[in-house]
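Protein chains in written order, with numbering that gives the first Met the number 0: chain V, 0 to 322; chain X, 0 to 664; chain S, 0 to 146.
Check before you lean on any hint, since a few could be wrong.
[To be verified] Non-contacting residues of chain X with respect to chain V, defined by C-beta distances greater than 10 Å in every case (computed):
hint: 1; residue: Gly107
hint: 2; residue: Asp190
hint: 3; residue: Ile231
hint: 4; residue: Gly245
hint: 5; residue: Glu464
hint: 6; residue: Arg602
hint: 7; residue: Lys620
hint: 8; residue: Asp651
[Said to hold, decoys possible] In the DSS-like style, the derived pairs of lysine-lysine whose C-alpha atoms are separated by at most 27 Å in a straight line are:
hint: 9; chain 1: V; residue 1: Lys209; chain 2: X; residue 2: Lys108
hint: 10; chain 1: S; residue 1: Lys91; chain 2: X; residue 2: Lys41
hint: 11; chain 1: V; residue 1: Lys207; chain 2: X; residue 2: Lys41
hint: 12; chain 1: S; residue 1: Lys28; chain 2: V; residue 2: Lys109
hint: 13; chain 1: S; residue 1: Lys136; chain 2: X; residue 2: Lys108
hint: 14; chain 1: S; residue 1: Lys28; chain 2: X; residue 2: Lys538
hint: 15; chain 1: S; residue 1: Lys5; chain 2: V; residue 2: Lys215
hint: 16; chain 1: X; residue 1: Lys108; chain 2: S; residue 2: Lys28
hint: 17; chain 1: S; residue 1: Lys5; chain 2: V; residue 2: Lys212
hint: 18; chain 1: S; residue 1: Lys136; chain 2: V; residue 2: Lys110
hint: 19; chain 1: V; residue 1: Lys214; chain 2: S; residue 2: Lys91
hint: 20; chain 1: V; residue 1: Lys208; chain 2: X; residue 2: Lys620
hint: 21; chain 1: S; residue 1: Lys5; chain 2: V; residue 2: Lys83
hint: 22; chain 1: S; residue 1: Lys91; chain 2: V; residue 2: Lys109
hint: 23; chain 1: X; residue 1: Lys620; chain 2: V; residue 2: Lys212
hint: 24; chain 1: V; residue 1: Lys110; chain 2: S; residue 2: Lys28
Calculated from the structure, these hints are not laboratory results.
Glycine included, each C-beta is placed from N, C-alpha and C at the ideal position.
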Amino acid sequence: MSQAKLKVGVYWGASCGGCDVAFLDIHEKILDVIQVAEVKFWPCAMDFKYKDVEGYPDGYLDITLFNGAIRNSENEHVARLLRKKSKLMVAFGACAHMGGIPGLANFWSKKDIFASAYLESPSTENLQKIVPQVETKVPEGTLKIPELYENVRTLAQTIDVDYTVPGCPPNPEQIAIVLGAVASGKLPAKGAVVGASDKAMCEDCPRKKKELKFKKFQRRHLTHPDPEICFMEQGIVCLGAATRAGCGWRCIGSNMPCRGCYGPLPNVTDQGAKILAAIASHIDSEDPEEVERILDGIPDPAGYFYRFGLPLSLLHRRHLGDR
Amino acid sequence: MPYKIGVYVCHCGTNIAGMVNVEEVADFARGIPGVTLSRTYKFMCSDPGQALLQEDIRKNGLDAVVVAACSPLMHERTFRRAAQEAGLNPFLVQIANIREQCSWVTEGKGAATEKAKALVAAAVRRAREHQPLEMRRVEITPSALVVGGGIAGIQAALDLADAGVQVVLVEREPSIGGHMAMFDKTFPTLDCAACILTPKMVAAGSHPNIKLMTWSEVEEVSGFVGNFKVKIRRKAGYVDHDKCTGCGLCIEKCPYKADSEFEQGLAKRKAIYLPFAQAVPNKPIIDKNACAYLKNGKCRVCVKFCEAAAIDFTQQDRVEEVTVGTIVLATGFQAMDGRRIPELGYGRLPGVYSALEFERLNNAAGPTNGVIQTRDGRAPRSVAILHCTGSRDENHHRYCSRVCCMYALKYAHLLREKLPEARVYNFYIDMRCFGKGYEEFYKRLQEEGVRFVRGKGAQVWGGAEWKAMVPAAAVPEGLEDHQLVVVAEDSLLQQVLHVPVDMVVLTPAFEPRFDAEEVGRRFLVSRGADGFFLEQHPKLAPVSTTNEGVFIAGACQGPKDIPDTVAQGSAAASKALSLITRKEIEIEATTAHVQDELCSGCRTCIGLCPYNAITFDEARKRAAVNDALCKGCGTCVAACPSSAILARHFGDRQIFSEIEGLLSL
Amino acid sequence: MSFEPKIVGFLCNWCTYTGADLAGTSRMKYAPNVRVVRVMCSGRVDPTFVLKAFREGADGVLLGGCHPGDCHYQSGNMKTLRRIPLLKRLLKDMGIEEGRLRLEWISASEGERYQRVINEFVEQVRALGPLNLEVRKALPKKSQATA
């Protein structure tokens, strides 16, 4: 091996750790990866200190795979730091790409969240009503913790991102492909989404599909869908038609409709608006009252359509007004 | 910015410049990225205005042009053509509507100028995203459909047929002729309607280029300009017209009768009948609701007497399909039912007649052979003609029916002529005698001793009713029970009159046909607030509609007299002809297009297209839009969850840019 | 100074846009707050357009199409009739008052009705106050990635 190994950083922002686990899920292919890559920084797996990173020269890392959304000042600080230290910055996974599940926090205000987490939840006993403060004075001095932001942001809404690998988590098979591409120098154009198709899930979906028509909507947990037939034709909202393929149809294969974690298609500006347009166009009624009755079958449209993509969506967050 | 955009702010005389500070708008436009020059001009649509734009395109190599002027529905084509002549693709022109939707509707110069700036900003940003497009050309089928065989339709059909166009003339009734065939004399010349109409009817019936389909209705229209596919229901008439010689023996022998529609129910006709003697085609049909054989299986007298063996009781409705390049709608009007104004007594008092009833009563070929008499056979000694029955009336129709004043004068003249002793009253709001020779006719009638009362006939009472209702002192002297009392305010004398008469003639308003709404939808022709078909432009495109290739003529567009109706029939024919003689037509390039590399075959678009222009390739699992069928509505584009369908000229990026521009200030 | 709402109107070419032109030719005065995007059919109005308008600072969005049954493209407006109720539900979930989005069927001959609808809607949105959408503060300029 004449070529030097790629210096790789892996970091997690606001995320669950699933993306980190996905690296391990590549199983024996990890052997191929370590042929070309050397992990320099991966706090989820090994103990690293930020000052190690701070000590790197700028552009020292060949590539950083950043998973997780930007939710607090620490996420942002490290994202900026890694951007400086990395030649290529990859938004890795749905949270970095679109906000992901942590992005659902954008349906609430920071105040709501603190109230729920620290004051009101049934399992909380907090008689002094203490909620986290960025700075707390104690006899020994001032304690500082990262500041929780009002809005969850995507990585690209925070720093300059070179590539995006979508998915919650990304299909492990794609990881080796991405690193292989970087090692071989065959880089796609900046801004590209890699490790996913430019076509929607329906491209890969094996289910039978004939004609769309919604007389009523069904919720998945209240029904037993036929595993052979398109969910939509069974009245179950599936985001597959508005979502990039590439995941290996894991949900659909488990008889669950697509949740949209691979995000919008190349020309789409707002994934939720597009699935909305697609399904509403096929409501089988021209009577406004009946349309409303049929729509009652989708009790939480925003939550359903923006399950993974609220911070990336046009509106970015629930508007709180003067609340 | 790769774009060199020219912005032209039109003064439109003072139409725009009087309310919008055009110089300020032009200065503002100069500051928008991409704009290389920005000018104002007095009339952009004028020749020098267009020349200015063309010179700039040639000299400065403009990439796109924004014209801030009147509505794009007005002059988009003008500026597109100008651009094209100067070598710029016509789709690189964008119009900002700062007249109809800005200067004319906004109060305050400041507000109007601000709005105009926003509209210009949007147009410039949109123009930056425009792509050159090529118009598509399709061949035009050199044939026409004319719907409605009244005088408008007959005129249109004859003009087209004389020019060599194959015409299909569809008429819902058993004969062509329409309302005009019912009339005796026509105003103001008093020439006989039959004498001038019958030759035209015969010509239409025998013209080698006209295929006449009477007793038929258009059921479905598909396709588009140049190639409309029309399904026509040929209603069963139970007489094989190919065999029928028109001898009329069957009619003579038929023992069953029904009210004659043509005679307004004032006379009977047979179950096998011609609506009137001069009917075209001059061959009968059988009324299945009156025919004993079709109702009960007994009779067959007509079969017995028909030597040609033309009676065919097995006949069924059948649907014929024709392809035509263009369509003329001439479906006419209907007269308002007088019963809708109960205070005028129509339908309740036998002495009250509708105008069409009076036409038949007066017609030499009518139920009384032209003798004007009441239902009980008396010659009226006094007749009141009430104008504006349901017209110019807030409770019914706000519009003027345009012909009633004139035919009311005609009735008065005919009454004076036939019954010189009778008193004839005209109760009117205003006399509207605007046509050629009309005012002269009015003057003549005034000299003939007709009594004109300026006041609307408000109520009509039966003589007996009146006596029972009012004190004896208020009963006109000698009022008989069978007579009528017309109550009206003479607005010149400012006095309420109670006028005893023997006969009252109403002048019911022209109304759109009962099924105008349905017909409008079938032909994609919009209707105005009055319910009549809407012309594309009230002055400059009076017989065109927003559905290209479909023209309207006659009273289906609004009330009109025979000269105007005939003129429109010819106008529609000439528009249709000018379309057909082009042989090819350019149709919008702004269609939808499936980007194969983005289509996942999700089938969301399938079933959304009203024109079935989207097909699904099962083998490749991809959707595709058929360019020739797509009309560019964009419904599939909005629904495509992958944004894989591109709307040419109305793409996401173009509209996003427009939104950004509109909200940029 | 009273609040002047910014409203984007998406009007179909054949009915509402023509009706708006008729209001103009008839010189009917109405509030200047509505700025119009012409589309060929209300069925072209992707819900994304509505979100985009709010994102760009609109306080209200008006959709105008042909009356049911009168669509120039036969049934495009019916797709709109189905999409808008769901879009309104989504907007409500997103904290945007339903009253900021209005769908109206206005024909080519209803200039008067266009004038009335515009004036009414402007007052309706004025009463709701400025939207001041938080995303505009949270993600100013072009930081919105559309990858």
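Consistency of the hints with the structure:
no. : hint                  : in the structure
1   : Gly107                : holds, 31 Å
2   : Asp190                : holds, 52 Å
3   : Ile231                : holds, 28 Å
4   : Gly245                : holds, 49 Å
5   : Glu464                : holds, 48 Å
6   : Arg602                : violated, 6 Å
7   : Lys620                : violated, 8 Å
8   : Asp651                : violated, 7 Å
9   : V:Lys209 <-> X:Lys108 : violated, 57 Å
10  : S:Lys91 <-> X:Lys41   : violated, 48 Å
11  : V:Lys207 <-> X:Lys41  : violated, 63 Å
12  : S:Lys28 <-> V:Lys109  : violated, 46 Å
13  : S:Lys136 <-> X:Lys108 : violated, 32 Å
14  : S:Lys28 <-> X:Lys538  : holds, 23 Å
15  : S:Lys5 <-> V:Lys215   : violated, 37 Å
16  : X:Lys108 <-> S:Lys28  : holds, 13 Å
17  : S:Lys5 <-> V:Lys212   : violated, 37 Å
18  : S:Lys136 <-> V:Lys110 : holds, 18 Å
19  : V:Lys214 <-> S:Lys91  : holds, 23 Å
20  : V:Lys208 <-> X:Lys620 : holds, 11 Å
21  : S:Lys5 <-> V:Lys83    : violated, 41 Å
22  : S:Lys91 <-> V:Lys109  : holds, 20 Å
23  : X:Lys620 <-> V:Lys212 : holds, 19 Å
24  : V:Lys110 <-> S:Lys28  : violated, 46 Å
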